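Protein chains: 2
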Amino acid sequence: MDTFFHAASVAVIGVSPRPQNLGRRIVMNLQRQNYNGVIYAVGPRGGTFLGHYIYKSVEEIERPVELAVILTPAPTVPETVRSCGRAGIKRIVIESGGFAELGPEGDALTRALDDAAREFGIRFVGPNGIGTFNVANGLCVGFPIFPLSRFGGTSIVTQSGGVGLTYLVEFESESVGVSKFTSVGNKLNIDEVDLLEYLRDDPATERMVFYLESFSRAREFCRLAATSDKPIIVHKSNTSALSQSIAASHTTAMLSDDRVADAALRQAGVIRTATIRGALDAAKICSLPPMKGPRMGIVSRSGGHAVIATDTCAARGFPLPEFDPRVLELAQRHVRAGVIKLQNPLDLGDLFEIDTYKEILADILSQPQIDGVVFLLVYHSLESEGRVESLIDHVDGIVKKHRKPIALVLQSWPEEVVRMKKYSHFPIFATAEEAVEALYVSRKRYRGLQRRTESIPKIRVNRKETAAILTQGAGKPHLGRAAFDVLERYGIPVVETRFAQTATEAAAHAKEIGFPVVLKTESPQAVHKTDVDGVALGLTRAADVKQAFADLKDGLARHVRRGAFEGAIVQPMAPRGLELFVGGTRDRDFGPVIVLGWGGTVAEALGPPIIRLAPISKKEALRMIDELPARRLLDGIRKYPAMDLSAIADLIVRASLLIAEQGALAEMDLNPVRLYAKGKGALVLDARMIVRS
Amino acid sequence: MDTFFHAASVAVIGVSPRPQNLGRRIVMNLQRQNYNGVIYAVGPRGGTFLGHYIYKSVEEIERPVELAVILTPAPTVPETVRSCGRAGIKRIVIESGGFAELGPEGDALTRALDDAAREFGIRFVGPNGIGTFNVANGLCVGFPIFPLSRFGGTSIVTQSGGVGLTYLVEFESESVGVSKFTSVGNKLNIDEVDLLEYLRDDPATERMVFYLESFSRAREFCRLAATSDKPIIVHKSNTSALSQSIAASHTTAMLSDDRVADAALRQAGVIRTATIRGALDAAKICSLPPMKGPRMGIVSRSGGHAVIATDTCAARGFPLPEFDPRVLELAQRHVRAGVIKLQNPLDLGDLFEIDTYKEILADILSQPQIDGVVFLLVYHSLESEGRVESLIDHVDGIVKKHRKPIALVLQSWPEEVVRMKKYSHFPIFATAEEAVEALYVSRKRYRGLQRRTESIPKIRVNRKETAAILTQGAGKPHLGRAAFDVLERYGIPVVETRFAQTATEAAAHAKEIGFPVVLKTESPQAVHKTDVDGVALGLTRAADVKQAFADLKDGLARHVRRGAFEGAIVQPMAPRGLELFVGGTRDRDFGPVIVLGWGGTVAEALGPPIIRLAPISKKEALRMIDELPARRLLDGIRKYPAMDLSAIADLIVRASLLIAEQGALAEMDLNPVRLYAKGKGALVLDARMIVRS
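Protein sequence lines, in the order shown, are assigned to chains B and X.
So for the first sequence, this note's numbering puts the first residue at 573; every next one is plus one.
So for the second sequence, this note's numbering puts the first residue at 573; every next one is plus one.
Derived by calculation from the structure, the hints in this document are not laboratory data.
Source: prediction; values computed, not measured.
It is possible that some hints are incorrect.
[To be verified] Using C-beta positions, here's what the derived DEER-type ranges look like: (1) H906/B / E632/X: 29 to 39 angstroms; (2) H906/B / K1048/X: 50 to 60 angstroms; (3) H578/B / E961/X: 34 to 44 angstroms; (4) F924/X / G619/B: 16 to 26 angstroms; (5) K973/X / G958/B: 48 to 58 angstroms; (6) A580/X / A934/B: 44 to 54 angstroms; (7) D1103/X / P1144/B: 30 to 40 angstroms; (8) K1250/X / P986/B: 51 to 61 angstroms; (9) E632/B / H997/X: 47 to 57 angstroms; (10) Q904/B / P775/X: 42 to 52 angstroms; (11) S1218/X / P986/B: 50 to 60 angstroms.
Even for Gly, the Cβ is constructed at its ideal location relative to N, Cα and C.
Input sequences plus hints: build the corresponding full structure.
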């Protein structure tokens, strides 16, 4: 990967004498960004450009070339790649469009390109991107005009050239320094995982921003991200079916379930944002020390802005502890007419001395009950003469000293804000609400990092027998009663379950179990038992059991044309409790997933279920429970007792292990899982499993 | 009110020779903004300033003065107001701080100020604001430096000077023209309702932005807002208990229930925003024709930005209909390499001609299946030479012609964006997501306007008897069984309810009603019956009824020391159904309110209830139902039937009339209200009412 950002020589293929030629722009960018290596221009028509001889072929170049850039019509690209291969070039940036993003007609070309690269062991970025850029050495091989970016620690990977440029421009105007930029385009060869791996270990990169419309290797991305101590910000778009058609046409992005992506990124400690502005603010706040606790201090030159900041603090669960009286005395000493109230949030009112601000901020940040500060520097009539600059430098200094963040909001005349952003290396936020939101992101990331250290428990389960049961289920519509056997092998508590092939046998089971009992149809066709009238509840006598057995058989025959009625399972009526469902599935991109929701027939009306990549720790399972809508039901409300959270968390952990370890299991649905009061456990009443075909 | 914005002469009181004196700044602002009236400076020390003689008292001025501005220490203000009164001045802007916002010590001063103004029939803005400003004539009496704003149709009313200035500055840099600015401060005399009334009829004002931390006359504000055809944007902060302390200290804002405010503003057709940026974008979109339908067209110079716009469209329920093939042919003709896909969203890809853009946009906007367009004009390498300017003018023209909005997003180099904003009178948005959000605001407002025309149904109810029953309940802890009588007078269906003073009487009632029955304690102390073990369900025999009667009596005695057990009400067991609760209350600021939520004991876990100002129309009641969490339960899900929405809506309407009309009723709680399948109605099973003391 390093060659893409540190090549000592570049061949730009696709340069022509035509003025609108885009290849020329690449050469111009390299010169404009002061690239300190050797540039070779290549184009079939030859000629010269900007002092460079234009080679007719890359193979004509007399010296070895480390990196090639191709911007020629798509049909010519595979052969051009071969030509590079023959010239000994192993790294290429391909910017030409017209491949898989255009549908079937581009697919053949894509395969040809792939073959050509394989033949010579070439790795390439693209096609259909706008290039790569290393701000440190000016190696900028893009065809649009790139900004002269400030060098810094933020690296950018983008699946859309247009959005990538927006990021570069915005970072420049926000004075966020950039290290490396990569427009990955169709990600045919090098993808975001390669870049994550490289940038994670790149000493010049301190944090990363990814704009993605699809994941190439989603699970791997999350696995790697979880090993990075550098902040990773992912702006993932293309979250709706509506968006997919356009995304697929401009890159080759495919839609995956966005809720799975959301959960997986969170689990990996990644900061996910939904907007460009959110990603910018996240990158800015990540250049400061993290917000380690929730306790906020607010200092403001305007009472109204302090109110807005406080609203956002309240919404985000940031308490505002009282300041040490010392700082209030400090402020009191300098107040003019005495018309402000001294508290947190501190409205500076008619306190105008910059030096007093410095003292107050330093004092507040040093207080142990404060984890972070929002400083709202609003001035429209304050003459500055370098005083605001010195204040910003001071803020920078105390943040470094106390290792706590200050989110600085600067509001003034537009020209003044621009001037200060140009001056400052310290991040500046536009509004009070955005500053608090940024600190919320900082806090979430810090907590996410703590969370990553939790380990998946080592639980004794019977993997071998489970695998054997699943193998037997292959090819069947569903696993039937064997699903209960699988659960037992993983130590998941299930209701006592017996199988009866005849009505008499069912009645005998019922007597042994004790009335009342439940009967459920057992049949390969009865995937959803309620759909075939396959459940009989509350049977209190042997005669009722026999009648119910016959009814179940009739029911199946009524609903399924050639229903193979195998018999019925007999279970005791479980005591009442709250009903949940626990599910497991495999996401196309992210792999095994565990799901939790309210159970019963009306569950889905209560909102989307809670999702995690499997397996998970017990703490994570408890967090899933915390995210349930109407979660308070579990704490004991009115006459309901508090529920056995430990038991359900343990059950979720085991189910997550099951779906993660048993690759043959395509899908499982434990529904309902009945949950009882603290100490009384949880019980799976019904289960449905489907084995991979 | 007009004098505040059109006075031909102003006396600035509080001008002194000291350089830091704030009164001087007011005179400077008036000159800088080219105020075309006469300025008189007034200050006890006399002297001259900026060519003006400084009068020692306003009473010394030789000619009549229309408006005075006071910026003197708070203790001197009441006397200064009297002095103005003696000089015949009837309108004053008071900017001095140090009144009620500082707590009890300021209260006496506040009363003195109020008295002084009353004595002379003076109306004033403030105290504790930063002044007023009419951009049209330069009448700017603020003490901070005000921007030289562009004149236009947006008027601003702000409760915080700092936030108000931020609005002025942001509007200026976004090229949103401003008409009138008022910093209302403590709103002691003139408040936001006065200004709303004035600005609603002010020919120069086309839309209004209010920044409020509290409402002075909340219900009146909403009533007036509902009569305005001009867009009203309210940025209401101070929504949390945390914020209240700071808000109260910098103005005199008091916290009201934010959910009530939210519902009330929505009902009045007001656009409520939570952020400064939201208010700016709302003001911008409101300068365009409204989005009358949901069907969006997206045209973009960058595929990535189109994906982001599409995500937001999906989230906001905007469908993207197919474009007429005509426009795709138009685009096809101009595409260079043919590497874009022609669809909605339309990615312009390598289509670079501005004239083609114009044709495409005009064509799309004219298509009947399109209600609005997002145009993402992203350019970083396009040389412009006035071409972008002509494109913006063209967009302006076709928007006016077709009376549909185009949200224009312009992303380029920062200097270029600033240049275009300076040039353009047409609103420019920063990002795709903000543009779509703005159109969503436009759409919501348009729908809100339609909604305002719905009338409250004329329902025959027995107002007189109801009032009489309520009068009898005054002074009691609650109304007891008479609550059912009240509901019947308003035509609200209640379960059959009989009262028994003895066990024998209860058993007799039960027999007549038919078993099973329910018994409930009747007692002034049994406000919440379940708290005193006051409910016995499912009684199937006379003996059980008698026993239950005794148990209820014991239960009350157990829980309440001197419980006056009056007897029990007997009701039939109502058939099963879904349970809702309908409540009525009086908000301190907004008056009568109607509330809807899920009923039963676990209801509160399902999230906050749905709120409206009472009374409401039946359509509005149906909208409340639509906002219930897990609303789908009502449509029939799995084995549940679809519910009788018309019956519950009718019940809500009647309950809303009851709380709105019967001023004696402080609070009511119909819980549970049992709802049945379509055509089967709804039934109040229990009710609690509290009469005002």
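Comparing the hints with the structure gives:
no. : hint                                  : result
1   : H906/B / E632/X: 29 to 39 angstroms   : 37 angstroms, holds
2   : H906/B / K1048/X: 50 to 60 angstroms  : 57 angstroms, holds
3   : H578/B / E961/X: 34 to 44 angstroms   : 42 angstroms, holds
4   : F924/X / G619/B: 16 to 26 angstroms   : 24 angstroms, holds
5   : K973/X / G958/B: 48 to 58 angstroms   : 52 angstroms, holds
6   : A580/X / A934/B: 44 to 54 angstroms   : 52 angstroms, holds
7   : D1103/X / P1144/B: 30 to 40 angstroms : 36 angstroms, holds
8   : K1250/X / P986/B: 51 to 61 angstroms  : 59 angstroms, holds
9   : E632/B / H997/X: 47 to 57 angstroms   : 56 angstroms, holds
10  : Q904/B / P775/X: 42 to 52 angstroms   : 49 angstroms, holds
11  : S1218/X / P986/B: 50 to 60 angstroms  : 55 angstroms, holds
The earlier numbered hints are all upheld by this structure, with none contradicted.
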